[in-house]
Structures are given as C-alpha cells and as structure tokens.
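So you can see what is in the structure, the chains are spelled out below.
Number of protein chains: 2
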Amino acid sequence: MPLPPDATLADAGEFGLISDLVALFPQGEHVLIGPGDDAAVLRIRNGHVVVSTDLMVEGRHFRRDWASAEDVGHRAAAQNLSDINAMGGRAHSLTVGLAAPPDLPVRWALDFAAGFAAECALVGASVVGGDVTRADQVVIAVTVIGACTQAPVVRSGAGPGDVLAITGRQGWAAGGLAVLGRGFRSPRILVEAYRRPEPPYDAGAIAAEAGATAMIDVSDGLLGDAAHLAEGSGVSIDVRRAAFEIPEPLQAVAAATGADPIEFILGGGDDHALLATFPDAASVPDGWTVVGEVLEGDPVVTVDGSAYDGATGWTHF
Amino acid sequence: MPLPPDATLADAGEFGLISDLVALFPQGEHVLIGPGDDAAVLRIRNGHVVVSTDLMVEGRHFRRDWASAEDVGHRAAAQNLSDINAMGGRAHSLTVGLAAPPDLPVRWALDFAAGFAAECALVGASVVGGDVTRADQVVIAVTVIGACTQAPVVRSGAGPGDVLAITGRQGWAAGGLAVLGRGFRSPRILVEAYRRPEPPYDAGAIAAEAGATAMIDVSDGLLGDAAHLAEGSGVSIDVRRAAFEIPEPLQAVAAATGADPIEFILGGGDDHALLATFPDAASVPDGWTVVGEVLEGDPVVTVDGSAYDGATGWTHF
Chain A
1 MPLPPDATLA DAGEFGLISD LVALFPQGEH VLIGPGDDAA VLRIRNGHVV
51 VSTDLMVEGR HFRRDWASAE DVGHRAAAQN LSDINAMGGR AHSLTVGLAA
101 PPDLPVRWAL DFAAGFAAEC ALVGASVVGG DVTRADQVVI AVTVIGACTQ
151 APVVRSGAGP GDVLAITGRQ GWAAGGLAVL GRGFRSPRIL VEAYRRPEPP
201 YDAGAIAAEA GATAMIDVSD GLLGDAAHLA EGSGVSIDVR RAAFEIPEPL
251 QAVAAATGAD PIEFILGGGD DHALLATFPD AASVPDGWTV VGEVLEGDPV
301 VTVDGSAYDG ATGWTHF
Chain B
1 MPLPPDATLA DAGEFGLISD LVALFPQGEH VLIGPGDDAA VLRIRNGHVV
51 VSTDLMVEGR HFRRDWASAE DVGHRAAAQN LSDINAMGGR AHSLTVGLAA
101 PPDLPVRWAL DFAAGFAAEC ALVGASVVGG DVTRADQVVI AVTVIGACTQ
151 APVVRSGAGP GDVLAITGRQ GWAAGGLAVL GRGFRSPRIL VEAYRRPEPP
201 YDAGAIAAEA GATAMIDVSD GLLGDAAHLA EGSGVSIDVR RAAFEIPEPL
251 QAVAAATGAD PIEFILGGGD DHALLATFPD AASVPDGWTV VGEVLEGDPV
301 VTVDGSAYDG ATGWTHF
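If you're matching them up, the sequences are chains A and B in order. Throughout the first sequence, residue numbering follows the UniProt record's numbering, covering 1 to 317 in sequence. Throughout the second sequence, residue numbering follows the UniProt record's numbering, covering 1 to 317 in sequence.
Same shape as in the complex, but just chain A:
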C-alpha cells in the first residue's frame, strides 16, 4: 500500500524506507554487491585508495527552511566528493548515514537521497551503503572512497617560491549565507551557490598531473585552509587581495550589508574551491588564478604582507 504524501519516517518504518532509498542509488560497474547485505563489495584495482568522512548536523550545517532536501543532498555529497578532489583523486563509492526524528517526512528523506545521488552522478560515483536511525535532529554522515592514478597531493608539500592558486567559485556561498541570514532570498545566484555548491571536480586530478605540490579544498574558509597548508608544509603563505576579481553579486551584497566584499572571499568556505601550490606560475593549469605565494618563515598566512584581522574561518565548538 503506498504511503500518503505526508507520511513520516515513523509511518514508513526502517525497512520500507531503506528499500525506497536504495532504489534511488544506481550502482556502477565496480560495485559487485550494493546496499542490502552486511557490507557492500567493490572491485578495486591496485593503487592508492583515498577515504574521507564528514558529518552534517541540522541547525548547524544546514537549515531545512533555508535549503530544500534535494539541495542538502547535493551539498552533503559535494563536500565529501570535494575531499577526494583535493587529494587529486576521483571518488567512486560513498556511504551515507541518516539519523532523523521520527516525524521527518519520508518525502524529505527521499528528496535528500535524490539530490545526493544526482551530485554523485556528476563524478560517476555510487552510493554503496548506508544506515538510517532515529535521533532528535537530522544528522548526515557521509564517507567517500576514491582512487588516485598518481601520488596523492597532500597538505605538506608546499615549498618557498611556490605560487598559491585557486580554482572554482570562492565567497559565493558565504555571500548567499549572509543573504539568507538577513531574511532575504536574493541575489538568487548567491543563495543558489550556498544551497548547491559546484566544486571543480575535474580540477584536482588535473592539478596533480600538473605537479601541484600541496592542495586542500576550501571548506573552513580560504585563509583558514591556507593556514592548514602553511602549517602542514612549514611555510609562510601570503595572499594578495588584488588578485581576486570580485564578482558582481558579491559586490551587491557587500554594498547592501555594509561589508567589504573581500571578506566573503577570504573568510568563506562551502564553495569547495580548490587551493593549491605549484612550483611556478607556468605549471598552473588553465582555469586557476594565482592569488599568492609561498615564503620561508613561520607557518602563518598573511594578506598583502600583513596579519589579517577579519574572520578567517569556522569554529565547530
């Protein structure tokens, strides 16, 4: 008997919900056994396997009134796929856990899964397993597995003389969040950028082939993540404000809110841009912008040669 349109997870029950969710996840050729057994079984070639995991908590990483379930699904997948991108790898398999209150509409869970699956399809990855259970608030737990065809690009390889470069939208999601936080819905392009990031999925593997010395995806804020590169590599990094072109919608939001638009760019995460260092400007692939340089010195990040006094990122507790 089909469930009514407003059915909740409590109405559907665990096993009914799982079979409806699983139906939304097509399986790639490398998946020998998908969801439904004690574990999924994958066929993996020799080589480097990369693994990452992330949690998203309702009220903290997303709000159900600020983003549709489908958007949340896209974002949850995107932020994990981006971690594999940042190693120079390509994701092939994900698991997703959904803890949720029993009054969550089944529709929300299904739309979430559809968005999640659609984002995974962008890179050809499969959702091979998952878990659903009851909790007081929605918590989404994702693990992603990928492969590197060459040595993974870590955070510790930057050296003095390298250039710092970025690819992908940066600051757009932070601008969108500022708009939503003030109760507005436009500029729509920024709100959409917050709801559904568009990480540059092919750029990581290309950067690895081009000789990137260190790489990270921007999720904690550009300066905060640059600091992770600086600390990992034991170098100083200087970022040049003037290197960034300020997109028109960010200028508009900044004007409306009295902010300096560069703050969205330097402090914003959530776009999942890639930030990498390369031996020289000539080795930087097309589509990247050189925005700074790597220097000898204490592992800190400066802006135009000085300490930066704006917000640099995100604190979890």
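Check the hints yourself; a few may be wrong.
To be clear about the criterion: a stretch of chain A counts as covered by chain B if any three or more of its residues have a C-beta under 8 Å from a C-beta of chain B, and this derived list gives those stretches [stated by the list, open to error]:
id: 1; stretch: 133 to 139
id: 2; stretch: 145 to 151
Quick list of the computed label-pair ranges, beta carbon to beta carbon [unchecked claim]:
id: 3; chain 1: A; residue 1: Glu-29; chain 2: B; residue 2: Ser-19; range: 37 to 43 Å
id: 4; chain 1: A; residue 1: Thr-289; chain 2: B; residue 2: Ala-121; range: 45 to 51 Å
id: 5; chain 1: A; residue 1: Pro-160; chain 2: B; residue 2: Pro-101; range: 40 to 46 Å
id: 6; chain 1: B; residue 1: Pro-285; chain 2: A; residue 2: Asn-46; range: 28 to 34 Å
id: 7; chain 1: B; residue 1: Ser-156; chain 2: A; residue 2: Ala-259; range: 56 to 62 Å
id: 8; chain 1: A; residue 1: Gly-211; chain 2: B; residue 2: Gly-234; range: 15 to 21 Å
id: 9; chain 1: A; residue 1: Ser-68; chain 2: B; residue 2: Ala-282; range: 56 to 62 Å
id: 10; chain 1: B; residue 1: Gly-13; chain 2: A; residue 2: Ala-307; range: 19 to 25 Å
id: 11; chain 1: A; residue 1: Gly-234; chain 2: B; residue 2: Gly-16; range: 17 to 23 Å
id: 12; chain 1: A; residue 1: Val-22; chain 2: B; residue 2: Gly-28; range: 27 to 33 Å
id: 13; chain 1: A; residue 1: Ala-259; chain 2: B; residue 2: Gly-124; range: 48 to 54 Å
Chain A residues, not near chain B, derived (Cβ > 12 Å throughout) [unchecked claim]:
id: 14; residue: Val-154
id: 15; residue: Ala-210
id: 16; residue: Gly-211
id: 17; residue: Ser-236
It should be emphasised that the hints constitute simulated quantities derived from the structure, not laboratory data. A virtual CB, placed ideally from N, CA and C, is assigned to each residue, including glycine.
Guided by the hints, dock chain B onto chain A, whose structure is given.
Just chain B, lined up with the frame of chain A:
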C-alpha cells in the same frame, strides 16, 4: 596549557580535540597517510573491498549512565567490524564521526576513542579518518573497510538442505540490557556482555573458507536476522529451540524477571554472533553450533516448525 580534568569540548575547541584524538589511533602499515589531510590514503591490493557503515545515537543505542565511554567505543567499533566478519572478510580501516554537545567532557571523547582503538586493535585495523562536530546529542558514525581473500559470503546463497549454525555468544547482551533496564547491575557477566560485545572475529573468514553458503551477523535479533537470510535466499528456515544451551546467567535473569530465557536468545541482538548456513553438518567449522535447517518454502523463519509469537528483533522508527 593542559586542559583541566573536567574540560568540555567547547573548552578544547575542534582542532585541539582532533589532535588529542588522532594521537590515540596508531596507523597500520597499509596506511600511507592517516588522519589530518583532506582524506586518508591506503595501499590496497587487488581484490574484493568490503564497506559498511553504522550510526549509534545516544539514548537509543547507548546511554552514558549505562556504559562507560570506553565501552561505547568498544561497541561502536565491534558492531562495524562484525559487519566485515559477516562477509567473510577482515577489516583494515575505519573512519569515525563524533557529533556531540559542547558540554560533553573531553574525557568522554578521549575514553571513547581509546575504547574504539582498542577494539580495532583486536583485528589489526586502523582508524584512518574522522570528523567531530556539534549536535544536541551524541551521534557516532562509523564506516569500516575490509578485504576478502575469497568470494564474500552474502545473504542470498542459502539453499534447501543446508544447515543453519551459529558461533559466538548469543542472548547475553539482551540479558544484560534486561538487567540494566530494571535498575540492576548483576549478573555482572551479562551487563559486561552488553557493554562490550565479544564478536567471534576470526570465525567469518574461516566460515567462508569452509564453504558457508550465506552469512549474517546477529544485530537485529537472531530470528530477525535469520529472516534476512530467508528473504535474501528465497528459502524457509526452521530454528530448533532445543539446539541452544541456555547459559547459567541467562537462566538466572529469566528466573528473576519471569521471562523465558530462550527469548533472550531468539530475540537478542548486540552480541554480534555470526549466523551462517553450510551445505551440511560435516562442513560446519569447530566452534559453531547447528541450530536449524534450511527448507524449501516461503521466506519465513519458524521455530520448531511453527510461527514464533515472541519478539524477533528491533524496529528503528
């Protein structure tokens, strides 16, 4: 500066907490890059990779007043390691996500991690990555990755004429939970069995080599999980009550609570025993007990030839 003994996650901050947690997780030789980068990097041989994921929610899967943080760590690892065991594989790598309220004591998180690491060490597996974030209640998300040296044993391979066999403690955790639920603390051996299961970690791979036709770990309850085998394989399974020896502590709890001790065994999960089918009794490895048989017929589970009217498992919503 060291934190005071009663410090909370809010006091420690995300990055301080992460470095203290990471220090508790030794890395195996197959781990090229452990926690701390965008993703961990593993060296994997050609073959079958098995992957599973589970969520544990405070108040639902554990209570902080019923089990120590270290016990919860052991259980969280055990239930995931057991899923790889149930495929006939051996786990090598895990990720763990911890969502927690800011007033959670740092001590709890560290003890949890120590218990988790100790359980993983039993099978030589490494915690290669994780995430910590804020939530209203403690939610633990684990993903485990393992390898099979032969074809994985799935739920769908049982055929009429096979025997059903079990290995590992069964019903002990359910007995311990019944004890705790009545406000008691003894028989201590059952309470300990609930707090810290002892899955038969070597038995899965041995059963696979011995020709097990289908296998599952008992986490939803013996009859409930037998039903998953019956449904997966399109067969009927009959379980014989008399095949089970009732351990003395279960008899004691049953007597004290007025229950039939077989109910703990037929309905209990959480011990992570293995339930498998084999072509005949001769192929059942040492340490297993034959407890039933596989028959042609509708995919249902009977007890001594009849429908069972007690509790068969666990519902999540």
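**OP:** List, from low to high, the hint numbers that the structure doesn't satisfy.
**Re:** Hints 8 and 14 not satisfied by this model.
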